[in-house]
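Asker: Here the protein sequences come in this chain order: C and P. Under the numbering used here, think of the first position of the first sequence as 146, with each following residue one higher. Under the numbering used here, think of the first position of the second sequence as -10, with each following residue one higher.
None of these hints come from the bench; they were simulated from the model. Mixed in with the good hints, there may be bad ones.
[Unchecked claim] Dumping the calculated DSS-like pairs for lysine-lysine here, alpha-carbon to alpha-carbon at most 25 angstroms:
1) C:Lys198 - P:Lys31
2) P:Lys34 - C:Lys167
3) C:Lys167 - P:Lys87
4) P:Lys34 - C:Lys185
5) P:Lys31 - C:Lys181
6) C:Lys167 - P:Lys99
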Amino acid sequence: DTEVTQTPKHLVMGMTNKKSLKCEQHMGHRAMYWYKQKAKKPPELMFVYSYEKLSINESVPSRFSPECPNSSLLNLHLHALQPEDSALYLCASSQDLGNYGYTFGSGTRLTVV
Amino acid sequence: RKEVEQDPGPFNVPEGATVAFNCTYSNSASQSFFWYRQDCRKEPKLLMSVYSSGNEDGRFTAQLNRASQYISLLIRDSKLSDSATYLCVVRVGTGGFKTIFGAGTRLFVKA
């Protein structure tokens, strides 16, 4: 299995809703990432997990809350989002934090109304 | 100056053409380098890692010039399916924590 699976593929949520994005990989990768991508822009790093521990938080607002329940799963909990948070949210994994390329999931396209 | 800069696009080329993209980086502590391709409304996919000795994968050749701090991607015999955005990615430091994406170069290959 060489895939990163993200659910849901599309999500529309109101500003008062709470929702979660899920990411799963079974490649034995020990580093997992959340990225945010706006149209016609490159991905922007949000969070990095290494061996299930949060390594990097790129000054992301607290309305985004990551969670790594185990080495295969990564969640992103969303609460009280703003319309400007609408974007493609990409999960990625890599073998480790070293010089390895990423495998990206197909993303969750989020619209906040 | 941006940390990673790519050729502005879009590049419009006919099928069969050879096209080259350049990418410059500013941090001399950069350790590893990659090219990704991203199709419209899809996720980025790793195309190739870029090694100091250069590397080739079929029609694609990547090269690294550490002295001048740039990497390049050459696509030979372009196919319609090569149409995509090509992202240059640089990782700084041995921990690989800081990963910087270039803004991407859009390629259109036309019949």
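Asker: Which hint numbers does the structure go against, in order from smallest to largest?
Answerer: 1, 6
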